[in-house]
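Trainee: Residue numbers (numbering that gives the first Met the number 0), protein chains in the order written: chain A, 0 to 159; chain B, 0 to 168; chain C, 0 to 549; chain D, 0 to 316.
Treat the hints as calculated values from the structure; they're not laboratory data. There may be inaccurate statements among the hints.
[Unchecked claim] Label pairs and their computed distance ranges (CB to CB):
{"no.": "1", "chain 1": "A", "residue 1": "143", "chain 2": "D", "residue 2": "105", "range": "55 to 63 Å"}
{"no.": "2", "chain 1": "C", "residue 1": "442", "chain 2": "A", "residue 2": "110", "range": "40 to 48 Å"}
{"no.": "3", "chain 1": "C", "residue 1": "453", "chain 2": "B", "residue 2": "137", "range": "22 to 30 Å"}
A quick note: this is a predicted structure, and the numbers were derived from the prediction, not measured. Note that beta-carbon positions come from the ideal geometry of N, C-alpha and C, so glycine has one too.
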Amino acid sequence: MRRIDRRSTWVFHLNSGSCNGCDIEVLNMFAPRQDAERLGVKLVGSPLHADVIVFTGPVTLQALPYVIRALEASAGAVAVLACGSCACGGGIWHDTYNVVGGIDKLYEILKERGIPRPPTVYVPGCPPKPEAMLYGLMLARGLARQKQRKQVYVEEAREK
Amino acid sequence: MVASRIAFISEIKKKPVTEQYPYKPISVPEGFRGKPVIDPEKCIGCGACVNACPPGALSIYDEGNYRVVKLFLGRCIFCGRCQDVCPMGAVRLTDMFELASLSRDDLVQEVRLLLEKCSLCGKAFATRREVRHVEEKLDPEQRWLAHLCPRCRALVSAKMIGYARGCNR
Amino acid sequence: MRCDEFIAKTGLVDAECVDDSTVLVRAKNVLETAEKLAEYGPRYSTGVGIDYRPINRSYLMHHVLALDKDGLFIVLEASTGDPEPSIKSITPVYPAANWHEREAMDMLGIRFENHPEPYRLILPDDWPEGVYPLRKDYPYDEKPYDPRSIADRAAPRYFSAKTGVGEKRVAAEIPLGPYHPALHEPEYYELIVEGERIVEARYRGFYVHRGMEKLAESRLTYNQIPFLAERICGICGYTHATAYCQAVEKAADIRVPVRAEYIRSILLEIERLHSHLLWFGVAFHLLGFDTGFMITWRLREKIMDLAELLTGNRKTYGLNLVGGVRRDIDEAKARAVLEALDYIEGKFKALIKQVKDMGEIIARTKNIGILTRDEARKLGAVGPHARASGVDIDVRRDYPYAAYKYVDVNVPVMDGCDVLSRILVRYEETLESIRLLRVFIREIPAGGLMAEYGDIPELRIGIGVTEAPRGEDIHYVVTGRENKIYRWRPRAPSYMNLATVPYMLVGEKLANAPIIIASIDPCFSCTDHVIVIDVGSGRKMSLMKALRMI
Amino acid sequence: MSTGVTDGVAVEQMIYTWVFALVNALVLLVYAPLLDGIGRKIRARIQRRRGPSILQTIYDLRKLYCMPGIIDGYSGRYARYAPALTMALAIMAGLIIPSFLPADTGCDLIVAAYLLVAVSIALTYGSLSMSIPYSVVGGCREASLMMASELCFAGAIASIAAAYGTLYIAVASPIIRLDPFKPSMIIAAAVLAIIAYVEGLNLPFEISEAEPELAGGALIGYGGRTLALLMHSSMIKETLFIALLVDLLFPWSILGTGPVGLVLRIAVFTVLTTFIYMVMRMLDTVYGRYTPRQAIRALKRVGLASIIAVILASIGW
Chain A
0 MRRIDRRSTW VFHLNSGSCN GCDIEVLNMF APRQDAERLG VKLVGSPLHA DVIVFTGPVT
60 LQALPYVIRA LEASAGAVAV LACGSCACGG GIWHDTYNVV GGIDKLYEIL KERGIPRPPT
120 VYVPGCPPKP EAMLYGLMLA RGLARQKQRK QVYVEEAREK
Chain B
0 MVASRIAFIS EIKKKPVTEQ YPYKPISVPE GFRGKPVIDP EKCIGCGACV NACPPGALSI
60 YDEGNYRVVK LFLGRCIFCG RCQDVCPMGA VRLTDMFELA SLSRDDLVQE VRLLLEKCSL
120 CGKAFATRRE VRHVEEKLDP EQRWLAHLCP RCRALVSAKM IGYARGCNR
Chain C
0 MRCDEFIAKT GLVDAECVDD STVLVRAKNV LETAEKLAEY GPRYSTGVGI DYRPINRSYL
60 MHHVLALDKD GLFIVLEAST GDPEPSIKSI TPVYPAANWH EREAMDMLGI RFENHPEPYR
120 LILPDDWPEG VYPLRKDYPY DEKPYDPRSI ADRAAPRYFS AKTGVGEKRV AAEIPLGPYH
180 PALHEPEYYE LIVEGERIVE ARYRGFYVHR GMEKLAESRL TYNQIPFLAE RICGICGYTH
240 ATAYCQAVEK AADIRVPVRA EYIRSILLEI ERLHSHLLWF GVAFHLLGFD TGFMITWRLR
300 EKIMDLAELL TGNRKTYGLN LVGGVRRDID EAKARAVLEA LDYIEGKFKA LIKQVKDMGE
360 IIARTKNIGI LTRDEARKLG AVGPHARASG VDIDVRRDYP YAAYKYVDVN VPVMDGCDVL
420 SRILVRYEET LESIRLLRVF IREIPAGGLM AEYGDIPELR IGIGVTEAPR GEDIHYVVTG
480 RENKIYRWRP RAPSYMNLAT VPYMLVGEKL ANAPIIIASI DPCFSCTDHV IVIDVGSGRK
540 MSLMKALRMI
Chain D
0 MSTGVTDGVA VEQMIYTWVF ALVNALVLLV YAPLLDGIGR KIRARIQRRR GPSILQTIYD
60 LRKLYCMPGI IDGYSGRYAR YAPALTMALA IMAGLIIPSF LPADTGCDLI VAAYLLVAVS
120 IALTYGSLSM SIPYSVVGGC REASLMMASE LCFAGAIASI AAAYGTLYIA VASPIIRLDP
180 FKPSMIIAAA VLAIIAYVEG LNLPFEISEA EPELAGGALI GYGGRTLALL MHSSMIKETL
240 FIALLVDLLF PWSILGTGPV GLVLRIAVFT VLTTFIYMVM RMLDTVYGRY TPRQAIRALK
300 RVGLASIIAV ILASIGW
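Please model the entire structure based on the sequences and the hints provided.
Mentor: The structure is reproduced here in structure tokens:
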């Protein structure tokens, strides 16, 4: 698979039934304060142009076929940025009747259709700050170090 | 008409408002609701946060000798209810927002606490820390009650009340 | 007018007072009563279907009618028995009831006799017949079918990325969008054209239906729902959380401390500023004027900073609980608010003044997308959209809540009825928001933040209503037991406004459709969800393709 | 130079000409995306943003060229050849239109116009053979815009022809200049400038790739290398329109000949094209977008102006 280009990254925004919070913050990345364009990031309207797919929303049943079509069409994409709680883990409605529940559940469905799981950066937040998304993009490009790690604490058995 | 266009163009003289973010860190205001962190030394595994958490990002379950409090950041909505309800002040929302990670596993925090077995029936019912926490609140002569599971405790106290009332049955 | 006065005046026999501003009318013949009530010129506000079987083996349909002049809500109740629930439709009397009745049909399986368009509205097209998610015996987390089975559903065809292979080309039905391919927003219109005139427009939406109402009455407790309500909409979430809390507070008769009311109002106005500036930016972007987008979003960033400072997050403020708020506003924060307002006000005024000079933008908005005053009233349009059509309604003034009880709100009304008026009304409102914020910051009293209350009584009705940036936002609550809600029905303003879009489009030139749809502020424009059907050939094509044929 | 090939001087001249032309075309390949980068920077600065590096467009193109070509699977056969054809035509136009070096290829204004239009036609035809509605719409818009502006172009050419009484308007000729003292030539220059502006897809005339409406229009069905070819060639086309304007406007003969003249020419040409491009981009930034109808209506007025120019020129003004 093609490696992600560090100087030029075109992103395609894919909404799978999100509340708009993340979508606006995605747009906000391109506003003057954050100005993602200075980092060579460009928002494109066609999945064919995309290097990275910015994925938001918990995947509603109504939206599922559309989302699959869009992912199938983005042949050139090399990474997915799962933005927000909904995309990362289904969010507050992860288990309701009309929600598939986050991008990992979507990948399970895609796997059966023979589409491999693309490298995915999870960006938690509800919604994440635009800077957090930029950080996620830099992580996908390999220009930032991952700060978040799994933490496990095990209480040691001590005498009472 | 031309004047307004020129006014727009003349903005070019001003300094850009863009920050230098990935290269220079940005500051967040005090009280920012960032990544929640459980202080594993303080947590007693009571589950108050799990009950309060709207999305169910926090979960609690028993595994072997341990009670596991699990926080999955990928589902967290950063509301801070866990911080509000924690009796020990163990959960705290920090100012960390750079939480992006390449694997879903990295978004997990687990606190495994040892379970206490009921001194009567031998069933595991609460963490040792929780028992100790309850113990401290009780009078010294009642402390043994804290080591009973809720079922046994109910039985025992029912009996005790019976004795107190002078009922022999 | 108070509730009991209204009952005395109308002589309704089966009416009772829920509280001071809410009348409950238990109608034997709902259509007749609805016609009778229509004399008083009410506006249809929301309709709530309730599965009341666990209580008395019936289904209820509550139509909420609003008398804006009197500040009174009339709840018109119709009930029906279990096996085959059926109620007379009141859509012929109140066209705005159309969607609400269809929603109850989808979600509860209530049949509405003589409904003009008895089609599915909310649920996915392949949702099985006879499965009604809002019935109490349906578990909230059960999917009626395996999601995998619908992956191949006939979705509007995307283009494939393979080179050279594939069937012979067919005209694609849905074009993909600017930032949002198949879906960005729950809107999707079918336009039917004759030559270049639009003769009919149909709507299909609700791609973002997430089963929220069911979730609220199943898994969540009273104080968790504000956080769910906040996520109805990522732009104006706080207004939903406030409306929900007000509804529960009304049902349980909880008095919120005055300071908490002020804090709620301050954040509501901050949210309105952020939302309006966002809309200006998007509208400019749609008109091709990206610099305008950048300028408004630059100013908006100050508002986002304020939200972050006051609540700890840029969006989803998470500040409300039933009975009050969670955070206080101290001196330093209040000063930061005033400073940001001073910064924004002058710059925003200058921007709009400059934009008014731009010929191509005026030409694309003036006399475009006409919605007459009568249509706006009939369809129940709300918010800036209605006010731009000369309908003088504003919840903040008509049903004062939170701190709006203590101040006077100026309501800008215009009668241009076109896109330009909608821009100008929102401009005036932005300035009014800035003024109100200054008043609130100046007059905020000292006091507590959270009311003390015990258990919330069962089966009480509460209506919480706020003026969201897009118009009236009404939450209808029936309280339940075990710290859970029995029924919660939020009705967002766009729900009413979207229904007006077909009316604005009919008779218009096709070229103007995109900005018309955007002008009701459906969060983002959905120009790309429009399908055009040519009456002549019966062929479907995209809006843009049809545009070109003009 | 069209006379005898046996003439040694002529042969030398011809070699020089074609070496110059080749250098021109090659430099254009880099210069056009560089200009685009400058344009993006200016746009960003007017919007108070830091903006991308001026090399950003080159980075983008480099990335796209390194990717395999992607074309929508449901597109017609022609769509697959369109990118290469468009690029070939753009390079050909770059060869014959004198730019940095005075390559006197005998380029006639009419031939230049044909070649530049051919670039647009190739692109449009490619987008029309796609099955994506946005692409088709974009193609249609591009075509109608092209037709309207080509009409104006024809008017400008006709007025120059009328003014100098010849149909062979050599772009590199020192005689044919857009004389700043003749009203007809002033109008012709203005018309040419407007056409360069319109063909450069500047707002309010940027209706064929309209991002919020058409999501990239004609380019939507292409990805990777094919997209790069199309983007690159339309940038070259845009630059060549400006080059044509500069060629006809500036009195090159005053720079003299020889190496000094050559260096001066390069400098003057670069400065002038960059300047004109920057002004165009500034205007682009502060305009909204016309509807296709408004755009055509605006171009009608320009067409009218060019007809007036023809009339003025024919009566000798």
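Trainee: A separate judgement is required for each hint: does it hold in the structure or not?
Mentor: Taking the hints in turn, this is what the structure says about them:
no.: 1; hint: 143(A) <-> 105(D): 55 to 63 Å; verdict: 56 Å, holds
no.: 2; hint: 442(C) <-> 110(A): 40 to 48 Å; verdict: 59 Å, violated
no.: 3; hint: 453(C) <-> 137(B): 22 to 30 Å; verdict: 27 Å, holds
Of the numbered hints stated above, the single one contradicted by the structure is hint 2.
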